[in-house]
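Undergrad: Sequence:
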Amino acid sequence: MDLSQAKHAFITGGASGLGLGIADALADRGLRVTIADINEEALAAVLATRGNAFRGVVLDTRDREGWQRAKADAEAAFGPVDVLIDNAGIAPNGKPFAEMDPESFDRIVAINLTGIFNGVWAFAAEMAARGKGHIVLTSSQAGLVTTVPGVGAYSVAKFGVTAMGEGLRTELAPQGVGVTVLFPGYVQTNLAANTQRVGGDIRQYSNVVLTSDVTSADVGAMVAEGIEQDAPYIITHKQVWPGVEKRMNAIKAACDYRLER
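In terms of the working numbering, the sequence shown is residues 1 to 261.
Please note that the accuracy of each hint is not assured.
Only pairs whose alpha carbons sit at most 27 Å apart, straight line, appear in this in silico DSSO-like list of lysine-lysine [to be verified]:
(1) Lys238 <-> Lys252
(2) Lys246 <-> Lys95
(3) Lys7 <-> Lys95
Here are the in silico distance ranges between beta carbons for each label pair [to be verified]:
(4) Glu41 <-> Gln188: 18 to 28 Å
(5) Pro102 <-> Arg64: 29 to 39 Å
(6) Thr114 <-> Val148: 15 to 25 Å
(7) Asp256 <-> Phe97: 41 to 51 Å
(8) Lys246 <-> Ala76: 42 to 52 Å
Quick caveat, the hints were computed from the structure, so don't treat them as lab data. The beta-carbon is built from N, C-alpha and C at its ideal position, and this holds for glycine as well.
Using the sequences provided together with the hints, build the complete structure.
TA: Right, here's the structure in full:
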């Protein structure tokens, strides 16, 4: 999509982290931006530092009526949404499946997968009817490969987002709407605090210091470029490839084995 022809972006989880990095990148390209976030205080703080090209709406992505209200409010101010960044999510809880309580599993899936679908439900049909638009769904490297214990429920949700994005891209391409799946690796954000805000547990890392040379601003630039290139996938950290390659090779070996029978 030519971003010079786009006017309005709607971004969930937009008051911090990756969402804010993407918001700033798209605003730099000339788009007006609606940032939606469950954290009203963070939203107000961000809007106080941005100009008239930004508006904010409070949104819990699990709330479908809330989506409808947020959409109406955003479009009343800035017109139809050309770019949807379906980004809001919470962190892994560190629990293996055998020890996870159902409430925790349901929360992770409700926010990280169903919440993403709710954005698609709110905006995709109208984009298709207009024959214009681009949707970015935030998955995770855990939506490509699962190799670390304790991220299983998170990975279930993120693999679901991956499948949703791939299917949606096929469905909307004939209508002129692009779809990209974003696979971020570790970036320093407020994800842990936001997870606790909605009552979730967070994964505790023992004797591990997480660092990254990729910033939210870097991811914002990647996303803007990916939209303009109509990229099916954006991967922020090249270090994910060995794990993905191992998984793909195992799948290929299973296919080859069956073909030989």
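Undergrad: If a hint holds in the structure, say so; if it doesn't, say that too.
TA: These are the hints, each one checked on the structure:
| no. | hint | verdict |
| --- | --- | --- |
| 1 | Lys238 <-> Lys252 | holds, 22 Å |
| 2 | Lys246 <-> Lys95 | holds, 24 Å |
| 3 | Lys7 <-> Lys95 | violated, 42 Å |
| 4 | Glu41 <-> Gln188: 18 to 28 Å | holds, 20 Å |
| 5 | Pro102 <-> Arg64: 29 to 39 Å | violated, 22 Å |
| 6 | Thr114 <-> Val148: 15 to 25 Å | holds, 24 Å |
| 7 | Asp256 <-> Phe97: 41 to 51 Å | violated, 30 Å |
| 8 | Lys246 <-> Ala76: 42 to 52 Å | holds, 49 Å |
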